[in-house]
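Chains A and B, in that order, are what the protein sequence lines are.
Our numbering applies: residue 26 is where the first sequence begins, and numbers increase by one.
Our numbering applies: residue 96 is where the second sequence begins, and numbers increase by one.
Keep in mind that a hint or two might mislead.
Said to hold, decoys possible - Straight-line distance between alpha carbons at most 35 Å, and here's what the computed DSBU-like set of lysine-lysine pairs gives:
1. A:K125 - B:K100
2. B:K122 - A:K262
3. A:K125 - A:K170
4. B:K100 - A:K232
5. B:K224 - A:K37
6. A:K242 - B:K122
Just so you know, these hints were derived from the structure itself, not from any lab.
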Amino acid sequence: MKVSYFPGCTLKNKARDLDLYARRAAEVLGVALEEIENWQCCGGVFTTANDEVATKLSSVRALKDAGEKGQPLVTVCSACHNVIKQTNHAMQTNAAFADKVNRYMGADGPYCGETEVYHYLEMLRDIVGFDKVKQAVVNSLAGKKIAAYYGCLLLRPNTVMHMDDPENPTIMEDFIRALGAEAIVYAKRNECCGGYISVECPDTARKNSEAIIRNAKAAGAEMIITACPLCKYNLVKNGADIPVVYFTELLAEALGVKEDTNGN
Amino acid sequence: METNKYLQEEIVRISGVNPRKCMRCGKCSATCPAYDEMEYHPHQFVNMVENGDIEPLLNSKSLYKCLSCFACIDRCPRSVQPAKLVEAVRLAVIRQQGANHMTANDVPAMIDEDTPQQLLVSAFRKYTK
Chain A
26 MKVSYFPGCT LKNKARDLDL YARRAAEVLG VALEEIENWQ CCGGVFTTAN
76 DEVATKLSSV RALKDAGEKG QPLVTVCSAC HNVIKQTNHA MQTNAAFADK
126 VNRYMGADGP YCGETEVYHY LEMLRDIVGF DKVKQAVVNS LAGKKIAAYY
176 GCLLLRPNTV MHMDDPENPT IMEDFIRALG AEAIVYAKRN ECCGGYISVE
226 CPDTARKNSE AIIRNAKAAG AEMIITACPL CKYNLVKNGA DIPVVYFTEL
276 LAEALGVKED TNGN
Chain B
96 METNKYLQEE IVRISGVNPR KCMRCGKCSA TCPAYDEMEY HPHQFVNMVE
146 NGDIEPLLNS KSLYKCLSCF ACIDRCPRSV QPAKLVEAVR LAVIRQQGAN
196 HMTANDVPAM IDEDTPQQLL VSAFRKYTK
């Protein structure tokens, strides 16, 4: 199956692992990730004001591009996914906003939110199927105690994201179990790490991140997985003394493609 | 109390929030991960916008403490969506000439070798126009 793929700014730079392992794992699972040509940065956070148009155009362009190919749009970064999905929702539900966007975008046909948006985890669950992921595992992670850190952007706002139960999510735990590992469930897995506040008020990021790490470790976690480069940065910078890794790295390891044929 | 009717209407309009739906339960503030750093807490934003008491909010650092985590939006039992009000008030400030909360000159002091692009992109989106 072919899907359109929006990597995002950080996956081309500080979070290359998140991208690389996503690509390798998708290949094993029979999904062709076709990177959107000339994609533009999503902006990192969705602007909720409904009179903001310019800040949402990059997402609309990506959505439209995927739609013209008749493909769903897949993202790996939590932030890109959140911004693009919220923008798509605004195009579907806010006619005045969609009209402004379409007038600006010009003559090549209106876009009204027709493209389906999937996070990579949703792609694994809903398109590939966790049972098929399980069958493809060659290096079982049995015996590892792994805590999923959702953060905020994957799940909220739930009325738009619809990924999972926002207060009792299971998609990442089901992913961990599909790879053979033990999923550690803890209370703070869907609480904010501080996000971009680490430039404005580093103490807030530290306090939030420390509480998350403490909570995960107290529940028995030996490793934390995340889909968000900023979550990873905040947790690592604020004292994580257990590994914090991208979920795609874990997937590539279990599928036996963490290293390429040259051992890289 | 100074009432700024125009700004009040503008903030309600661009946020899409109806502050009169609030029933003062305080759950938004209880769940806010930046509560300790805020001068005006999410439930106060809602109440002050409802009363047209906008000036103190425009001048408050609380505008820059919101993490955009959507916790107050998801957990409000009345779907008031306080974070959208915080954002609308912040935009009312930073859309003014010369009122950006952050500039490119601030960046070198903020970053280290691991800083993800996402961090700077997000901060610029929230703090500047």
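Just to be careful, I want the Cα atoms of K100 of chain B and K232 of chain A compared with a cutoff of 35 Å; is the pair within it?
Judged against 35 Å, a Cα distance of about 38 Å means the pair is violated.
Is K125 of chain A within 35 Å of K170 of chain A, Cα to Cα?
violated, 49 Å
Check whether the Cα positions of K224 of chain B and K37 of chain A lie no farther apart than 35 Å.
holds, 25 Å
Given pair status - K100 of chain B, K125 of chain A, alpha carbons within 35 Å
holds, 27 Å
Would you mind confirming whether the straight-line C-alpha gap from K122 of chain B to K262 of chain A stays at or under 35 Å?
Satisfied, since the Cα-Cα distance of roughly 30 Å is no more than 35 Å.
Going straight from one Cα to the other, do K242 of chain A and K122 of chain B come out at no more than 35 Å?
Judged against 35 Å, a Cα distance of about 28 Å means the pair holds.
In this structure, the hints that do not hold are numbers 3 and 4, in rising order.
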